[in-house]
Each structure stands twice: as C-alpha cells, then as structure tokens.
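Chains as they are written, first to last, in my numbering: chain A, -4 to 294; chain B, -4 to 294; chain C, -4 to 294.
Honestly, I wouldn't trust all of these hints.
Derived DSS-like pairs: lysine-lysine, alpha-carbon spacing no greater than 25 Å straight-line [unchecked claim]:
#1 A:173 / B:142
#2 B:165 / C:173
#3 A:157 / A:242
#4 A:142 / A:33
#5 B:145 / A:165
#6 B:-2 / A:-2
#7 B:173 / C:282
#8 A:145 / A:282
#9 A:33 / A:157
#10 C:145 / C:282
#11 B:173 / C:242
#12 C:145 / B:173
#13 C:157 / C:242
#14 B:165 / C:145
#15 C:165 / A:145
#16 A:145 / A:157
#17 A:142 / C:173
#18 A:173 / B:282
#19 A:157 / A:173
#20 C:157 / C:145
#21 B:142 / A:165
#22 C:142 / C:242
#23 A:282 / C:173
#24 B:142 / B:-2
#25 B:157 / B:33
#26 B:142 / B:33
#27 C:33 / C:173
#28 B:242 / B:157
#29 C:142 / C:282
#30 A:142 / A:282
#31 C:173 / A:145
#32 C:33 / C:157
#33 C:142 / C:173
#34 C:173 / C:157
#35 A:33 / A:145
#36 C:145 / A:142
#37 B:145 / A:173
Bear in mind the hints are in silico, worked out from the structure with no lab data behind them. All figures in this text were calculated on a predicted structure; none of them were measured in a lab.
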Amino acid sequence: MNKIVVFVLMLTVLSWKFLLTDAESSCLELASGIFSPKSGVHTLVDSDGAPYLAYCDMDTDSGGWTLIASIHENNIHENGYCTQGDPWSSQQGNSPYSPDGDNSWANMNTFGNVVSATSDDYKNPGYFDIDAGDLMIWPVPNETPLKNWKNSAYLRYRTDNKFFDAYGDKGNLYSLYKVFPVVSGVYSGPGDNGPSVPVVFDEGTVDDVVQHFGPTVQPYLTPGFIQFRALKQSSQEGAFALCPGIKLETACIGSSGYTSFSSEQCGDFAVMATSGYGTGTGWSVDKQMIETTFLLFYR
Amino acid sequence: MNKIVVFVLMLTVLSWKFLLTDAESSCLELASGIFSPKSGVHTLVDSDGAPYLAYCDMDTDSGGWTLIASIHENNIHENGYCTQGDPWSSQQGNSPYSPDGDNSWANMNTFGNVVSATSDDYKNPGYFDIDAGDLMIWPVPNETPLKNWKNSAYLRYRTDNKFFDAYGDKGNLYSLYKVFPVVSGVYSGPGDNGPSVPVVFDEGTVDDVVQHFGPTVQPYLTPGFIQFRALKQSSQEGAFALCPGIKLETACIGSSGYTSFSSEQCGDFAVMATSGYGTGTGWSVDKQMIETTFLLFYR
Amino acid sequence: MNKIVVFVLMLTVLSWKFLLTDAESSCLELASGIFSPKSGVHTLVDSDGAPYLAYCDMDTDSGGWTLIASIHENNIHENGYCTQGDPWSSQQGNSPYSPDGDNSWANMNTFGNVVSATSDDYKNPGYFDIDAGDLMIWPVPNETPLKNWKNSAYLRYRTDNKFFDAYGDKGNLYSLYKVFPVVSGVYSGPGDNGPSVPVVFDEGTVDDVVQHFGPTVQPYLTPGFIQFRALKQSSQEGAFALCPGIKLETACIGSSGYTSFSSEQCGDFAVMATSGYGTGTGWSVDKQMIETTFLLFYR
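One chain only, chain A, in its complex shape (with noise of 0.2 Å):
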C-alpha cells in the first residue's frame, strides 16, 4: 500500500518535471538543469512567458548552443535583388528610400520555422531575447534535414571571448546591430566598421573558409574572425550584416537596403555572386558556398 502511494506520488512528480523541464529561456538554461536533454528541438520560454520551439545544439564543447536565426538565399538572379524572400536584407528592392530595408537584424520580427531553417529564412524570439555571451556559425547545404545539420556542416566554428557581454545587460546580435546598424550610407572611414571578433574551429580550418572565395578576393580576407556590420568604402554607400568566418567587406552576407554602386549586391547573399552564380572565379564564392544556409547559434 506504501509502495503504491510513493509510485504516485512519483508519477505525480515526474509529470510535472516533463511539464516544466523545458520551460527554459535557452538551450544553455536547459543544459544547466537536471535532465539535460539531447540535441534536437526543445521547447524554450522568452522572458515574456511565450513558448517557441528552438533547435539545441548540445554535443559542441559541453553544449547549451540554441539556434536563433538562419540567412537562406532564395534567388540571387536579375530578378532577386532585395526581394521576397530577403528578410535580412531588404524585400523592397534595392532603393535609397528603404536604407535599412527589413532592418531584421535589428529588431524583433520573426519569421520561419525551425523544421525548414535550411529552406528558408528563420529568426526566432531567442534572437532578442537571450542574453549571450558567444556566437556559433555553421554553413549547411541548402534543403539538409534537420537531423543530419551537424554532419552535413563543412565548417562549424564559434567565438569563445564572450564579445556579446560589451552589448548592454542582454548581449546578442540585436543589442549589437543597435549599436552598429546596417544601413545605407553611414560609412565615414575605416574605423566605422562593427567589430571583428576571432573564431575556434570545430570542423574545418582557415585555409577551408579561404578556398571557397574567388581568386580576386581572396587578397583582401583575414579568415578566423567574424566580421559585424562591414561596409562597403568611399561613395558606393552599402553596409553588410555578417562576413562568415573572414574580416572586411568582401563576400559577406545581409546587405542594407541601398547600395548605390549596384543593385547586384543588393540581397541576403547577393555580393557573393558578382562574377556569376557559384563560378568561384574573380569575385564570386564556389557552388558550395552560394547553396549555403548559414545557422547562426548562441551561447
């Protein structure tokens, strides 16, 4: 009778666990508690008390890594440039009207779901409103299911400084782009661009980040760094979000909304393609990297 008792209460008491072990604001959260879950997709709370799902990532140096956002490109042709499709760019067409286009990086839509992360663009509450010490970046073939991200990924590398704790009491990618927005126009001299931060390698090398750029550009890239809010010098007036493994402002990803040296580079990916689509000649990335999703993670 005793034992049947303790059985319930037990019952009891674990029904409540399921119900709330997920109720954490971060993958890192969840990997703190008791029943640190496997990667996967896991239900997080935001500070607001509203549930989304998140992709966690918990093998990668102890774990705790949550995916809050993905860059897609959907169409990179005459008939692309800062349209449908390019939220972390401008869907409104390259124009000097809309300097900072969707201006995604640097406030608190939402759009996508975790399942298509690789499908299409993808930015989740935790974007905002996790507070961040690090930043991951794994660049996964288009259309990879979620379940084969980790091994589909040919380069997988992260911060490991804590550079988000200078961004304010909630460090991310928001309070980063509040303080160096991407926008038309601001360049004034070298010094104007955000911050470039150094990069540990989890799969791959420097020399594999360099390989995928065109022969043109690759003078101009310092790889093992993270570039923030790159802009484009003297008079052509654009601004790019994110350079993927390298500093300076070649091949970065998520223009402003106006570049007035071209509509060509006007797009979530659209500098990467100005010597042809995937040609990984003159100033072009390779196949490989054009087809890209980039997922980006916090810690």
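Keeping the supplied structure of chain A fixed, place chains B and C upon it in accordance with the hints.
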C-alpha cells in the same frame, strides 16, 4: 498516510488545473475563471480547438482584453506604397485590379507573432474567432518590448457600448467589415461610411489625439471616436479601414487596394504622410504618430 | 482508502494519456491509437520532435487523413501573376531567371496556419515529413470556416492504390516532386509528364469535375485522375504541379516560375483564367472553381 493520499490527490488535480486553466477562448474568459491570471502572454484555444498565443490586458476596467491585431508601418516612402509588409492594405501595388487589396480586415488569414507585435504586423485567430463587445486601441512606439506596452502607450481608449453586438452572433471586426468592406469604388454618398463609435479614455484626452495631426487636417477631425470604413469622397475611390481616435476620412489606417487620387495614399499608414514623413505640417501627422504601432484589443 | 489510491492512480495515468495521446506523427497514427479522436484540429509531432497543428479527417473511408497543404489564389489579375501570395508557383514575377519559382512543392519551407487554410496558402511539416500512401483532395469555397470544410466541399476524391509507395522510404508529394520537378524548360516529349493516378469519389462524380471547365478545354480532359507535373508542350516552357481531378496539362494549379507563352499563365491558379476570371467560357473555369481552395490530405 491519509495526508499523503490527499496531498497526491491535490497535486494531481492541480496538474489538471494547470493544464486546463489556459484552455479558454478569450482573455475575458480567462479573467472570469477561478485562477484569473495577470496581464501578459497566455494560450487561448479557438472554437476549432486550435491553441494560439495572445497578450491579455487584465488591468483596464477590470481586465479581460485580448490583443487580436497590430497595425505597423514598415515603409512609407516612394518604394513602399502597398508593397511587401502592408497586409492591412495591399501587397500588390496600388492597382485597380485588386480593389480590396489583401482583404485582411475581412478574411481569416493570420500573420506575425505576439512578441513581435510592435515590430511587424500581427493578426491572430481571435480577430475572427472571438465574440466581442468592445474595441480598445493603444498607440505604442514602434519596437517597444511587450512588457512596456502599457506604460509606453501615449494614448489608451476604448468603446464602451458593446457596439459589436450589432454584427451577428460573433460580433467583431471580421463581421463588421463583412458589412462595410474596405474596397475601392464603393462611395455613392456621405452616408456610406461605416459606424463611428465614441470612446472613453484610460490614458490621454481628446485634445491629445488632435495634437498629432497636421494643421490642415485638424479642422476636419472630431476626436473621441473610432471611425470604421471611411471613404474618400467623390471620385477618389479610396477607402480606409479605421480612423484611430477620430471621425472622418483623413489620416486613417489600412487603405483599400487602390486609390485613384494618388498611389501615395495606398498603404497601411500611407495617407498620414501626405505632406511628408512625420512633419506634423499640412496633411501629415507628427513623428510620434507615424512611428506608432496600433494595438487592437477585444472584450 | 484503497479506492482513493486507485482513483488517484487512474487520474495520473489519464493525465499522461492526455498529454501523450496527441504525440503522433500523422492523423493515421492517431486513428490507430486507443483513443481515436474525432475530425478536427490535433497536435502532431514530426520526426524531429517538433509539434505542429493539423486538421484530421477521421471519417472518410475509416479516417486517418492529415491535411498537409492548401492551395489558395489571392490575386489572378494583371498585377497578380507570380507575385506576393503565390508560394505554390513564384513570388518573383514571371521570369526565366527563376525557372523553379519558390520551389515549395519540392522544398521544406512552411507557411500559413491551419485555421486560415481557406483564406491563405498553407503548408505544414507533414508535407515533407509524413510517409504517405494516398492523396485526397477537397475543393472548398474560399473563406469557408474549418468546421464546414467537409460539408462545403463540392467534390471529394482520393487515390486508392498507395502510389506514393513508389517514391522512397518516405513517399509523399515532396519526394514525388524531387523526381518530377516543377520547373520551366524541361519538356522534351509527351512522356515527360509526371504520373496520373486514378481517383475514387466520396462526393461528386467525374461528370461533376468536367462541368467546371470551359468548353474549349473539355475535349482535352480525362476526368477521374490526379495529374502530377503536367508540362506545356513544345516551346511554351511552362510546367504545372497538379491537375485536380483530371489528366493533362490544361487548367492545372501551381505553375513553374516561368512560362514563355504568357505571363498570364504564371501563378497558383493563373492558367485557369485564360479566357477571363470565372467566365466558364473558352479556356476558363467557372466562378465556383476559381474561387476554390484545394485542401490536400495524406494517408
């Protein structure tokens, strides 16, 4: 022993309560329950059994107000008239071929996310599912985080006469705009406007409403009302869904899909910037009002 | 005393059941469980563990049908050919630069909301995640509320030969369109169309299918089938994803991103209005069919 059994029984009953408390179809039902929750994000369940997140205001006039929509202007410049990001007017361009535009005021689509409601347009299933009596409007500065909405609202007003009861078994904006569609070319005389309903103020006064409008507009305003389906007179063909705080057709939000007078009046807020963006001169509202998101609540 | 313990045990077990009953990956699995639920909205969990809402039809032929998509036309006029609101064809304009358009038939993006499925396009993770055998289609008038879908469907038909089994371990539309992509310029001969699969009718007859098409089209139709990936012949370059109820290329839904014959054939439903909107003359379908949302179910 007996006590343990009772304790377990209580725990079990409480877990059911916990699970079921939120299963209400509106914040008003939540407020009427035995565990009336505080203002914030809660899970509602529509009449088809589909759960969704909504913000509840549980304070104003004893609470029970459900946020069902937000109207946000993303781009009001030359490249922004009835383009992407204008679901409350048209995303098809100012065009006589789509006189009702996206038709969001009178259909069952949904968009956006409750925690992003001041960064992007938002419409949840409550818009067409909840049986409402009154409407409350909070103008809140763009990009205000959810926890600051109430404090940041520079006006707060609401109807108090259950005017929605006149629009069928399920009275709400959806049923009202079935009777008064926001479509171009329906003007045949001054009596064709929709209803204008008086409001009471919880924050601000009728004078505070007027001061945000340009001097050319002010003589045409009657503050202290919400006007529904305001029509451009004579041959201009435009219709506007909602005039926040005022009677008559000037400076309303949510245009129809076409106005023959000028494409510059097509858009979620477009007519409010007729004499320039945020100038507060001529026909234009001031900067505070043009950079506002209107939060719409039912009770 | 003993009875109380048993009662508490039952309550606890029931709360687990309540929590876990819905954790199935398709409506067919739900129908096979010990608590087979009724038709309506249920929570499914995809193979990555991500929950999502879906509508289940639990009646037709013993039930187990999962709604995975709806095809809805928002604007079929001069300003609506392959524009915003056409995710089942292209939102990039009729353009040779995006021959596969948005590629939604063969990718893992998602959009819309189950309760809005007759007001807007809809695609949930079941589209690419469920291992299906057969496809069912219900044409339902636009704006029909969920609870009336079945009664309002003026036709209801389904395949009955488990044809999806031929498309890999996880047979479904996603895997079928990987084999037969909906892309412009792939026609090399009449054999290049995708499969046409016979259907059985639960509502209506083959004659009822035909009567909605214009007289010019009718001689080309073979009713009683679903045709997949129908190609425009010779040099016209268009492809269409799905012909509802008929064989052959005329009056199908979901165009590729480009048709060189005419931009007026680019769009979710565009080719159905070749001789005017809803005229039922020449090449055009009648008003009932053009104002229909097609609901697609797997089992």
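Hint by hint, here is what the structure shows:
no. : hint          : result
1   : A:173 / B:142 : holds, 19 Å
2   : B:165 / C:173 : violated, 45 Å
3   : A:157 / A:242 : holds, 18 Å
4   : A:142 / A:33  : holds, 12 Å
5   : B:145 / A:165 : holds, 22 Å
6   : B:-2 / A:-2   : holds, 15 Å
7   : B:173 / C:282 : holds, 20 Å
8   : A:145 / A:282 : holds, 20 Å
9   : A:33 / A:157  : holds, 24 Å
10  : C:145 / C:282 : holds, 20 Å
11  : B:173 / C:242 : violated, 38 Å
12  : C:145 / B:173 : holds, 23 Å
13  : C:157 / C:242 : holds, 18 Å
14  : B:165 / C:145 : holds, 22 Å
15  : C:165 / A:145 : holds, 22 Å
16  : A:145 / A:157 : holds, 23 Å
17  : A:142 / C:173 : holds, 19 Å
18  : A:173 / B:282 : holds, 20 Å
19  : A:157 / A:173 : holds, 18 Å
20  : C:157 / C:145 : holds, 23 Å
21  : B:142 / A:165 : holds, 15 Å
22  : C:142 / C:242 : violated, 31 Å
23  : A:282 / C:173 : holds, 20 Å
24  : B:142 / B:-2  : violated, 41 Å
25  : B:157 / B:33  : holds, 24 Å
26  : B:142 / B:33  : holds, 12 Å
27  : C:33 / C:173  : violated, 34 Å
28  : B:242 / B:157 : holds, 18 Å
29  : C:142 / C:282 : holds, 23 Å
30  : A:142 / A:282 : holds, 23 Å
31  : C:173 / A:145 : holds, 23 Å
32  : C:33 / C:157  : holds, 24 Å
33  : C:142 / C:173 : violated, 34 Å
34  : C:173 / C:157 : holds, 18 Å
35  : A:33 / A:145  : holds, 13 Å
36  : C:145 / A:142 : violated, 36 Å
37  : B:145 / A:173 : holds, 23 Å
Figure legend: structure checked against the earlier numbered hints; hints not met, in rising order: 2, 11, 22, 24, 27, 33, 36.
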